[in-house]
Every structure is written in C-alpha cells, then in structure tokens.
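> Take a look at the letters that make up each chain.
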Amino acid sequence: MALKSSVSLFRLNRIKQAIRLVSTKSNPELSHNAEFPGAKAPYVSEIKFLNEFSYDPIPIYRVIDNNGEVIDPREEPKIDNETLVNMYKTMTQLNQMDKILYESQRQGRISFYMTNYGEEGIHVGSAAALSLTDLVFAQYREVGVFLFRGMTITELVNQCYGNHEDPGKGRQMPVHYGSKQRNIVTLSSPLATQMPQAVGAAYAFKRTPDNDRCVVCYFGDGAASEGDAHAAFNFAGTLECPVIMICRNNGYAIATPTREQYRGDGIASRGPAFGLNTVRVDGTDPLAVYNVVQRARTLAVKNKPVLIEAMSYRVGHHSTSDDSSAYRPVEEIKQWMQEHNPIHKFRLYLERKGLWDNEAENTYTKDIRNFVVRTMQDAEKKKKPHWKEMLEDVYYDMPPNLQKQTQQMEKHLKKYKEHYPMDQYLSD
Amino acid sequence: MTTFITKKVLNLNKFINHVYNSSKRLSSHFIYHPDNEKPVEGNTTKMNMMQAINNAMDITLKNDPTAVLFGEDVGFGGVFRCALGLQEKYGRDRVFNTPLCEQGIAGFGIGMATAGATAIAEIQFADYIFPAFDQLVNEAAKYRYRSGGQFSCGALTVRSPCGAVGHGALYHSQSPEAFFAHAPGIKIVVPRGAITAKGLLLSCIQDRDPCLFLEPKILYRSATEEVPVDSYTLPIGKAQILREGDAATLVAWGTQVHVLLEVSQLAREQLGVRCEVIDLMSIAPWDAETVCNSVKKTGRLLIAHEAPLTSGFGAEIAATVQEECFLHLEAPVARVAGWDAPFPHVFEPFYLPDKWRCLEALAQLVKY
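These protein sequences, in sequence, are chains D and U. Quick note: the first sequence uses this note's numbering, first residue 1, plus one each step. Quick note: the second sequence uses this note's numbering, first residue 1, plus one each step.
With the rest of the complex left out, here is chain U (with noise of 0.2 Å):
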C-alpha cells in the first residue's frame, strides 16, 4: 500500500516537473515590471497592453470621424483581439477586414491619409510587413519630401505585434525595426507595457508623420498595469529613465526593459553596482541626448535588443556615444543581441539576450 502510495506520488511528482519543464520551455523569459507612476492625472483602470491599445483605437474612432481601423482578420477583433468589439461599436465601414495582402494594405492605408483620413492599419505580425517593405520605406517615408510638402501621409500609423513569444520560430518572433530605421521620414516607436502603449500609440496616430508602432505580442496578456482611462499622449522622440545608477547605462526597448530591469536587479544583488535603465521607446527619431547625457554619467553602455547583431539599432547608438561621449567612456560599449541567424523554434532559450547573457555582459563592462 505504502509503495502503491510512494509510487503514484513519484509519478505525480513526474508530471508536476514534466508540466514545470514544458511551461519554462515555454515561458517568458523575463519578469514584467508594471509602470507605477501615473503619466497624466485621473481615473485609471486595470488594463493588460492588449486592452490599452483597443482602449486607444477606441477613442481614436470615437474623437475622429475620419478615421478607420484595417487590415486581415480585423473586423472580428483581430487575431490578438486588439480591436476587439470595435466594429460592433462604429461599424463595418470604419473597422473592416482587408483582402490577405500586406502590400495592399500599407498601400491603401497610404491612399486613405493621402485624401486626409487618418488610418490605422494592421500588420497580423512584423514578420510579414517585408511584402509592404516597398510601400512603407519608397512611399510613405517620402511622401512629404518629394512633393515638397504638397502632399503627406502623415495621419497613417501601421501597428504590428513583434519581437519573441516562446514558440514563435522564424515568422512570429522577428524585430524588425532596424530594416526601418535606415529610411527617413518614418517614426518607429516600441511600448513597454501597458502604459506606454496607450500614450504612444495615441502619439503615433495623431502624429504628422507616418508611424510604425511595434507591440511585442508577448506583452500583450502579460503587461497588466493601472492605465488612465483618459486620451493622452508620450512624446515620440523621448527615452524615459527608468531606474537611476551611476555604474552602466542600460539601454533597451519593448520586452528587452523589463530584462535588463532584472539586470540591474542582479548587478545590485551579485555585482554591488547601481545601473541605470533607458527604455528608449522611440527607434526613429531616437532620443541620443538621454542616452549620451547618461553615459557620460556612466562611462559605460550597455546595449541590449532582441533582433541580431549586425546591424541591429544596437549599432546606431553604440556608434553616436562612442562619437558623443568619446572622452567618457571606461569601456567599450556593449552590445547583447540576438545572434546572427534566423529567429530559431527549440532553440530559442539558447537565442534570446536573456538576463544571464545581460548579466556577463554588465559584468565584463564593469570590470573592464
């Protein structure tokens, strides 16, 4: 009886650590650190990311009669449920299903800011936006310039959910800001949360360039957070500050942040050193006077983003700080990336900038 009893708890033990080692597999690789500051005054309510930015669409369509919500599986909420119950509230004409076509629907929402709409189109994932590559870096991005004003597609902003998810492989994980960032004339901001993605995105919208706003899809159930409940914005351009130290300047976006907020956890805990943490949030224009005014505090600059190395944005910082804070710096700048292949299915623990891989990282900058 006892071995029978001795038996199956070994097995239910078994499967515990069999569902544990599915889940870690599975699971984040970072711990969400909700923002506890209020960005504006008034009432605010329990929101996860997801629901911050159908609440930001939401008074966007509510305020603004020109504007439309589009693009594939939208009208029934959208795959991600981002616009969910949108079209039941302003109706089919304003929240609409596109044809499977991603070419198209950077192409038609540029039409539609053209002829003075604002329009919210939606890329299913950042993955598939290279079939609207075109679109979005020879049209949007020069419309204003090469019409020599006449013309702009300033009321268009294209959201697309980005970066990692645990099991996304090689078209659901991608972070593809970079490939964005070499072309002028298109804004590329990343929210951190719940927050920041209300702010922003209402930004992105109402901004007179056009916008790429990139959600990382994994934040969008897990980043819960007391937003305001209403309109406001953040400015685009503008890093915010997230923890104060005198040791290293961390510098990431999205998911990355809540990562190397544990870092600087860690550094605190293992290393005795104080960081500080930049969300950068804007790709383009990125803010280089936070981030330079923060390493010459420094000396030194850590760098971390989920997209590969070669010629990630990482790049672009490392290069105007080494420029900026030449005199400044005690080390060599930083950069932890993701590593120069494909985004990998099992092997993804094994791929991500993880906080450990932060963590050597910070600690040879320390040292150095």
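Pulled out of the complex, with its shape left as it was, chain D reads as follows (with noise of 0.2 Å):
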C-alpha cells in the first residue's frame, strides 16, 4: 500500500517537475530548503520530536588508560620531556598544597579554602597547550593552570592569608587569585559571570591588528546553567571570538549532581547549538586534554571559537563549608581516586617513559610539603595591609565622600583603637 501510493506520488512528482520545466515561475514547495529566515531546513510531512535520546552521547576522548598506558600511539603528544615532568610537579605542588592548606582551615588558620582533588589533570593539560600571552578567566577551582603559568606557592599562600604581599590587598576571600603578570584576570565568586566577560576580552583581542591571542574561560557544570553561560556561548557564536571555553564537569555542584542540573547529554551537546566547535574529552587525562586544547587553540585563533567538556570527578568536598558524605557514598569517591586519579594516571605514564621514579617521587613530595609549610608560617607572620587599603581603588581616584569616610575612621581609631586588631596590620 505505502509502496503503491508512493509510486503513485512519484509519477505525480515527474508531472509536476515537468511543469515547472515549461513553467517561468518556480514552484516554491518544490525547493529543497523552506525559506523562513530563521533556519536553513527542509520540510517534512511526519511529525518528530527530538530529545536527549535522538542523538548518540557525544564520545570521550583519551589518549591514556588508567594504567597510564597509550592507547593509540598516534595520538600521544609530542611534549618534551621538560615540560612533561613539569606538568606532574605541577599537579603534585598542587595537591600538596592542597591538603595542607585544607588541614590549616579545619584548625582556623585561614578562613575559607577550596580543593583541586580529582581535576588537576585538566589544569596541567590545558594550561601547558596554552601561550603564557592567552587570557585566563577562571572560576575558583583552576589553581594548577595558576601555578602552571608561574605563579608561585608563596603569592597564592599570600592571597589566602590577605596578607600586605596579597596583590589583591586582602579585599578578597581566600581562593580568589589573580595575577596581571601572568594574564591571570582576579577571580569573582558569582558563578558565570566571567563567561560573557571572557568572551567580551576574546573580542577585543580578535581587533587587534595580527592577533595571535585567545581566551581561556574556565567554569563548571553547575555554573553553565547560569544565564550568563548562555549569553557567553550565544555572543562568542554570532560574534565570532576567539576563546576557548572549557567547562570542568565534575558531577557535582555543591551537593546537586548532575541529573538534577540538567538532562541533556551533559554541556558539551549545547556547543552545536550555538555554533561552537565542540568536543568532550577525559579530564583525568592530561595529555588527552592537552591535545584537545591544543587543536581547540588553532580554531580560537582564527576566531573560531569553542567549547570543551572536560569529564572528571569532584574528589574532595565543594569547600571547607561542606561534607560532601552528606549527600554521596564514601565508595564513591574513593572508587574515583584510585582508578581515574589523574596524578597517579600520568605518573605511570612518566615512569613508563623513564621520567618519573619513586625516589623522585618521595624527594619532590617532601621538599614541596616543607615548602608550603614555611610559606604558610611566613605568610602567617607577615602583617595585613593598612586599613586605609579598605577604601582605596574603589575608583580610580577617591571621591569626596569616600575621602570624608576615610577621615572618620582615621578620627575613630585614634579613640578606639585598642577595640581593633591594630598591630595585625601595617601602620603609617
């Protein structure tokens, strides 16, 4: 019957396109594409809703198994050796720091931290495919793409103490780094708004006469469902930027996972959708990312932008203000840091190359562990800046009313100051 008819229509069709040939109008419903200025599509005659099942997931790629091993020897980065055990050394500072600045919180030494556990393996991999000249615009948790570029143990300890060595004057929470020197932009704790502004800068860049510069915007799977994440994949679509967005998809935001955050296949299918080159690759895997940044930054460059998910797992706690127990098993995470722990993935691989022993390991390990334990009882020592840093840069000049509110504290703590902790701070 469907056959019949269809050969029935078939004739009709031979008919039909036999007019047109004779015909000086063309017939619009012949045309493949409908004409609606909106969509470049054709029509149908059946209805199809499509969902997250129309589509197959969008794959991960890897390049080590979580032996460390090299699956295919093709895609295996030519890194020299250098910067391969820079990038571990890396990781591994990171995770040193980590834990002690963790442990230095739970006793109340510094107010507030956030841990790297289970994604430094997208930091290295991504910072290390980068140019030192590329804009970084992160969320809170890239602090090995900080330390990667150069920053030191010693300004990020100085940060978390708002010490008089912070750059950032101690204005901020700890975590909020920031470093001009190293095309750092100073991170903000609204979630995504860094998004649009990245792409804003990707812009500016794209203006520049010879630009060889991209933008690197970091943010996580729960910030990507912030308008502004929109917005950032929308204008550096249509307006065609140079930036590479990279989103950290680690399963949880705070203690939402990730079923709760959304249900299409993951951030990674939204890329298409907005005209972004997009693909998905293991986090855990720091060569594979370093790969897929490395070829995502060639496209950026001729302003071809582009959205990266990078797949991994929030190993530690969301901050020092939560128990990620309370909301997921113990096995769980434990399951994570041993089978797809990036550390040890891409110390397997170093040893497999000769780069990387145990005696290396324990010697760096404890020289990095005494390191950030001195930095940390320095930066401790070290005083807060001057109070007077309150109501500075507020503007670029100080303003009347801000110059009258700085006489009155002055006038204040003449008469008050033994209720203020005065000798923790510079004095005139």
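It is possible that part of the hints are untrue.
Facing chain D, according to a computed beta carbon distance under 7 Å, are these residues of chain U, among others [what the hints assert, rightly or not]: (1) Gly-77; (2) Phe-80; (3) Gly-104; (4) Gly-111; (5) Ala-117; (6) Arg-144; (7) Gly-149; (8) Gln-150; (9) Asp-209; (10) Cys-292.
The calculated lysine-lysine pairs, modelled on DSS-like cross-linking and capped at a C-alpha distance of 27 Å, are [as the list claims (entries may be wrong)]: (11) D:Lys-381 / D:Lys-180; (12) U:Lys-296 / D:Lys-411; (13) U:Lys-89 / D:Lys-302; (14) D:Lys-414 / D:Lys-383; (15) D:Lys-411 / D:Lys-384; (16) D:Lys-78 / D:Lys-99; (17) D:Lys-78 / D:Lys-304; (18) D:Lys-180 / D:Lys-304; (19) U:Lys-297 / D:Lys-404; (20) D:Lys-404 / U:Lys-89; (21) D:Lys-40 / D:Lys-180; (22) U:Lys-46 / U:Lys-89; (23) D:Lys-99 / D:Lys-384; (24) D:Lys-411 / D:Lys-180; (25) D:Lys-388 / U:Lys-89; (26) D:Lys-384 / D:Lys-417; (27) D:Lys-404 / U:Lys-238; (28) D:Lys-302 / D:Lys-40.
Here are a few chain D residues that sit away from chain U, every Cβ distance over 12 Å (derived from the structure) [unchecked claim]: (29) Arg-74; (30) Gly-170; (31) His-340; (32) Leu-355.
Hint data in this document are derived by calculation from the structure and do not stem from the laboratory. A virtual CB, placed ideally from N, CA and C, is assigned to each residue, including glycine.
Dock chain one against chain two, each of which comes alone in its own frame, and use the hints as you go.
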C-alpha cells in the first residue's frame, strides 16, 4: 500500500517537475529548503520530536588509560620531557598545597579553602597547551593552571592569608587569585559572570592587528546553568570570538548531582546549538586535555570559538564549608580516587617513559610539603595591609564621600584603637 | 446653509479639541529650557540630544581605534537613532548588533574593557538593565577593588534611555539611578540636554571608572541646542547652578531640571521668591558640596525626581543635607517624586512630579 501510493506520488512529482520545466515561475514547494529566515531546513510531512535520546552521546576523547598506557600511539602528543615533568610537578605541588591549606583551614588558620582534588589533569593539560600571553578567566577550581603559568605557592598562600603581599590587598576571600603579570584575571565568587566577560575580552583581541592570542574561560557544570553561560555561548558564536570555553564537569555543584542540573547530554551537547566547535575529553587524562586544547587553540585564534567539556569527578568536598558525605556515598569517592586519579595515571605514564621514579617522587613530595609549610608560617607572620586599603581602588581617584569616610575612620581609630586588631595590620 | 456651516465649524472645533486633548495626554509635562552658555569656545551647530550623543560617539570612534559600540539593534542606528550612520562609517566590527541579552551585553562590555578596549554598550531601555544588574553591580563596580587595582573595566560606558516619555508605562519609563547609586565603584551620569549629553558622555567614555550614562529619552528630539562641534568634556561629579536664588534650593537631574526651571519661574510670578536651581548631573559620585553650599545660603531644599520616593536618590541628598546644613535649615527638606507605585500607563499625568506638585511643595516649604 505504502509502496503503491509512493509510486503514484512519484508519477505526480514527475508531472509537476515537467510543468515546472515549461513554466516560467518556480514552485516554492519543490525547493529543497524552506525559506524561513530563522533556519535553513527542509520541510517534512511527519511529526518527530527530538530529545536527549535522539542523538548518540558525545564520546569522550582519551589518550592514556587508567594504567597510564597510551591507547593509540598516533595520538600521543609530542611534549618535551621537561614540560611533561613540569606538568607532573605542578599537579603534585597543587595536591600538597591543597592538603596543607585544607588542614590549616580546619585549624582555623585561614577562613576558607577549596581543594582541586581529581581535577588536576584538566589544569595542567590545558595550561601546557596555551600560550602565556593567552588571557585566562577562571571560576575558582583551576589553581593548577595558575601554578603552571608561573604563579608561586608563596603568592597563592599570601592571598589566602590576605597579608600585605597579596596583590589583591586582602579584600577577597581565600582562593580568589589573580595575576596581571601571568594574564590571569582576578577571580570573583558570582558564578559564570566571567563567561561573557571572556567573550568580550576575546572580541577585543580579535580586533588587535595580527592577533595571535586567545582567551580561555573555565567554568563548572553547575555554573553552566547560569544565564551568563547562555549569553557567553551565544555571543561567542554570533560574534565569532577567539575564545576557548572549558567546562569542568565533575559531577556535582556543591550537593547537586548533574542529574538535577540538566537533562541533556552534558554541557557539550549545547555547543553545536550555539555554533561552537565542540569536543568532550577525559579530564583525568592530562595528555588528552593537552591535545584537545592545543587543537582548540588553532581554531580559536582563527576566530572559531570552541567549547570543551572535560569530564572528571570532584574527589574533595566542595569547600571547607561542605561535608560531601552528606549527599554522596564514600565508596563512590574512593573508587574515583583510586581508579581515575589523574596524578596517579600521569605518574604511571612518566614512569613508563623513564622520566619519574619512586625516589624522585619521595624527594619532590617531601620538598614541596616542607616548602608549603614554611611558606604558610611566613605568610602568617606577615602583617595585613594598612586599613586604609579598605577604601582605596573603589574608584581610580577617591571621591569626596570616600575621602570623608577615610577621615572619619581615622578619627575613630585614634580614639578607639584598643578595640581593633591594629597590631596585625601595617600602620603609617 | 448657515446652520450647516455652524455645524461644520462646531465639528471642526470638536476635532481640534480632541486632537489637543490627546496631544495633551501624550505631550511632555515640561517646557524645554535650552542651555545658552557655550561650555567651550569654537564653532557650534544645532543638534538635538540624539544627534549630540551620536556626535560624541562619532568623535570617540574616530579618535580611539579600540573603541566599539554595541547592543541590541545598534547596527542600523538604534531604535532611538543615536548610532545612526556609525556602522557605515566605522565598519561592522566596531558598531554591531549583539544577541538580545542584557547580561551578555554588560558582561561582554566588561570583558572588552578588561582587555584594554573602549567599550560603549547600549541597553535599549533602562527598564531592561536589570538582567545586567549582577554584571554591573557585582562585577563592573568591583573589578578594580577586588583585584587590588590589577584589573579594571574603567573603559566601559553603558548608555541607556531612561525616564518618562508620555506613554511608556511600566517598562519604557523607569529611572533606575538609585538602584545603582548604592553600588560603590560605578559612576552614574544623567544629562539634561544636548550640550550636557555630549560633554558628559565623552567624559564617561574617557573616565577610568565604569560609567552608567542614563539618557532621558523624552529629550532625544525635543532638546535642541547650539552644541560645540569639537570634542569637549564636562566634569563628572560636579553639579551646575542654573538659576541663582535665595529663597530655596531646587535640585533635580535629567528632564526634571526643566520642570524645576519652570517652577522657579512660577515661584517668582506667583510667590514672589527667587529659587536657586541646581542640575545634579552626576548621581554617583554626587556634588554634595555645591548642594550644601546652596542650602546654607537659601535655608530650604526641594528635591524632585521621576523615580519613586522611597529610597530614591532624593533620600540620600536629604539625609546628607540635614547632616551638613542642620543649623541652616529653615524647613524640612521637601521631596517631590514619583509615587511608590510602578510607572503607570494612562495615569502618567497624575504620577509624575510635575510643576504643579513641585510648586505646591515649594509654596509649603517657603511658608513653613
């Protein structure tokens, strides 16, 4: 029956085509695509709803397996040995710093901290593939990127203590790092706000003559639900900006699992919808992240924006204000820590190449631990900035109302200084 | 025949009255008082406020190769024609449309400014700036402070049409300056006409802090003045005394300045008093010194703004003046403002702090 009717339809179409050939007017119904300005698409005569099951899930690119073995030798990146070791050292540094600063928060020595456990591979893999002149916008769990770009543990620790050597002048909470010198835009707490900003910065780069820089923007799977993420993807696509958007999908936004964050195929599936070149990568594999970001960079500097979704697992608590055992099984954490540990995997890879061994591991870990502890002791002893820094930098020049308020506070402190922790701060 | 003519004339009269009444409903509630003094020497040309703004942006795009202008429908000249001809002149990469997303426009502008470019962003109506509130208050305003001066988005200017327009109702009439005045780090400027619009906009664009430039949209076409052709700036944070007087100080900004100029005239004729009229021009930082000095002289203060009374910027001025001028005040500070209701459609003539409401408040103030 179906066949028959299609045969007769076929005949009818032949006649229609013949008519069209002799007619001077073309029949719009026969054109392949509909002519709506909003989409280039053909007509169909059958209703078909699309949903998350309409497409295959976007696959996860990887280079090494959980034992650090290269899966396809053609995909092994050509990274010099020094850089490879530097990548590993950065991960270890970060890991040791996380452990010690986390503990110091538990002891009340700093007010707040966030660890990077389980996501170190995303940091060093991406940072190694970037140019130091590329501008980085981050969320807060990307400290490995900063370390790899040359920020020192001393600078990071000073920020956490808010002492007078913190370039942020002690104004922000711990882990809100920033470094003009290393092209790392200072972090802020409101989630996803950096995303459209990164796109705007990329547009400014695009307009500079002979541009060879791009902008890299990191964000989590939870932040991707913010309106600003939508804005950023859409602006990046329509304004063709040299930007790489890197999503760290670690399965949780504080206590909210991804199942309650979205129903589509992760964040990556949104990319093509905005006209972004999109790829998904194993974030516990630094080499895979390196390859993907390196390729992304060649596209981005040609003003072809890229979205990368790096899959990982947030091994640590969300922050020092969070106990993640309240919303996820401890076995789950353990499994990820053991089987997909990016540091461990990368170490096995380096050991296979003869670039690292137990002795190097023990010496380096011990050195770093000592260094972090010493740095913390130093940072703790340093005074906090002068209280007047509280009212500086609000504007480029201090307006009259702030001048007046500075004088008011000065007068107040003269009279009541014993009620304030003056000795902990620099003074005139 | 006569009756027919009479009837016709009567009908015509009816028609004229009808047109007059409808135009009264839709017409502006103020008489525009053009600026007669030139802010700088040199040639001038007749411009309305829209053209003066266009001219300021033209000068910026010409002199600053990093400067860009963007927003919704900016490419074809903007819905109020402020960007008219600029895309043809400077190219699609410098004057362009963005997707319809205010938080994106603000965030994008902040990013551009952070990367060292001059960004002029347009929010189509100030009523639609609230989706960008987070970007402007939490990000733009705090960028320099939180980074210890390492980064700033001082090269960002956000322009937005604001204020009553006769029939704009809830979402084409708002004056949101007080919301932003509570955010340290951002500057807020409102011009009263073509000359001030050009000078203040150029100041905002060149200023090293992020600026919100609110353009009273009812003035776009009605405010025509002899505007200097060359580039010039007017200082941000400085008020202007437009009329000298001794009986009371009248403070306003934007369109409302013209209302108060008329009120001062009415006060002279009806109350026989001379009022000092001040255009605040900058909401943040605002010129407390000029206002307080005036109040110390007159002993009385009336503040008028279109935005609702409660927590409007008038409250900040009133509180500061009572603190600074307590011994000089002869009467409580008067505030005439929009009522504490959303901005209505058909009730606009009853909602606005028009000259009659201001005059009555002034009469009470003078005889207190």
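> Work down the list of hints and note, for each, if the structure agrees.
We went through each hint and held it up to the structure:
Among the interface hints, the one on U:Gly-77 is violated; its C-beta lies about 19 Å from the nearest C-beta in chain D, farther than the 7 Å criterion. At its closest, the beta carbon of U:Phe-80 sits 23 Å from a beta carbon of chain D; the interface hint therefore is violated under the 7 Å criterion. Annotation: U:Gly-104 was flagged as interfacial toward chain D, and the flag holds, the nearest CB pair being 3 Å apart, inside 7 Å. Here the hint on U:Gly-111 is kept, as its CB sits about 3 Å from the closest CB of chain D, short of 7 Å.
For U:Ala-117, the shortest C-beta to C-beta distance to chain D is roughly 4 Å, which falls under 7 Å, so the interface hint holds. Taking 7 Å as the C-beta cut-off, the interface hint given for U:Arg-144 holds, the closest approach to chain D being about 5 Å. Hint status for U:Gly-149: holds, given a least beta-carbon distance of 5 Å to chain D, under 7 Å. A distance limit of 7 Å between C-beta atoms decides the matter here; for U:Gln-150 the minimum to chain D is near 4 Å, and the interface restraint holds.
Interface hint status for U:Asp-209: upheld, as the beta-carbon distance to the closest one in chain D is roughly 5 Å, under 7 Å. The beta carbon of U:Cys-292 comes no nearer than 11 Å to any beta carbon in chain D, farther than 7 Å, and the hint placing it at the interface is violated. Between D:Lys-381 and D:Lys-180, the direct Cα distance comes to roughly 25 Å. Compliance with the 27 Å bound is thereby established for this hinted pair. Of the pairs offered as hints, the one joining U:Lys-296 and D:Lys-411 holds, with about 26 Å between alpha carbons and a cut-off of 27 Å not exceeded.
Between the alpha carbons of U:Lys-89 and D:Lys-302 the distance comes to roughly 26 Å, so the proposed pair stays at or under 27 Å and holds. For the suggested pair D:Lys-414 and D:Lys-383, the alpha carbons sit about 20 Å apart, so the restraint of at most 27 Å is met. For the hint pairing D:Lys-411 with D:Lys-384, the CA-to-CA distance comes to about 20 Å; that is within 27 Å, so the pair holds. Of the supplied pair hints, the one linking D:Lys-78 and D:Lys-99 is violated, its CA atoms being roughly 32 Å apart against a limit of 27 Å.
For the hint linking D:Lys-78 to D:Lys-304, the alpha-carbon distance of about 24 Å falls within 27 Å, and the restraint holds. Pair hint D:Lys-180 plus D:Lys-304 holds up; C-alpha atoms about 26 Å apart against a cutoff of 27 Å. For the given pair, U:Lys-297 sits about 22 Å from D:Lys-404 by alpha-carbon distance, which is consistent with the 27 Å threshold. Restraint check for D:Lys-404 and U:Lys-89: not satisfied, since their Cα atoms lie roughly 46 Å apart, outside the 27 Å limit.
Restraint check: the Cα-Cα separation between D:Lys-40 and D:Lys-180 comes to about 44 Å, which exceeds 27 Å; the hinted pair is violated. The straight-line distance between the Cα atoms of U:Lys-46 and U:Lys-89 is roughly 21 Å, inside the 27 Å bound, and the hint therefore holds. The straight-line distance between the Cα atoms of D:Lys-99 and D:Lys-384 is roughly 24 Å, inside the 27 Å bound, and the hint therefore holds. Note on D:Lys-411 and D:Lys-180: the hinted pairing is violated, with a Cα-Cα distance of about 35 Å set against a maximum of 27 Å.
Under the criterion of a C-alpha separation no larger than 27 Å, the hint pairing D:Lys-388 with U:Lys-89 is inconsistent with the structure, at around 47 Å. Distance restraint check for D:Lys-384 and D:Lys-417: the Cα-Cα separation of roughly 16 Å lies within the 27 Å cut-off, and the hinted pair is therefore satisfied. Proximity of D:Lys-404 to U:Lys-238 is assessed by CA-CA distance (about 17 Å); at most 27 Å being required, the pair is judged to hold. Taking the CA atoms of D:Lys-302 and D:Lys-40, the gap is about 25 Å. The hint holds against a cut of 27 Å.
Once the 12 Å rule is applied to beta carbons, D:Arg-74 is consistent with being away from chain U; the minimum gap is 37 Å. Distance to chain U contradicts D:Gly-170 as a non-interface residue, since its nearest Cβ pair spans about 8 Å, not more than 12 Å. With a least CB separation of 34 Å from chain U, D:His-340 remains clear of the 12 Å interface cut-off, as annotated. The beta carbon of D:Leu-355 is kept farther than 12 Å from every beta carbon of chain U, the shortest such distance being approximately 36 Å.
Hint violations for this structure: numbers 1, 2, 10, 16, 20, 21, 24, 25 and 30, all remaining hints satisfied.
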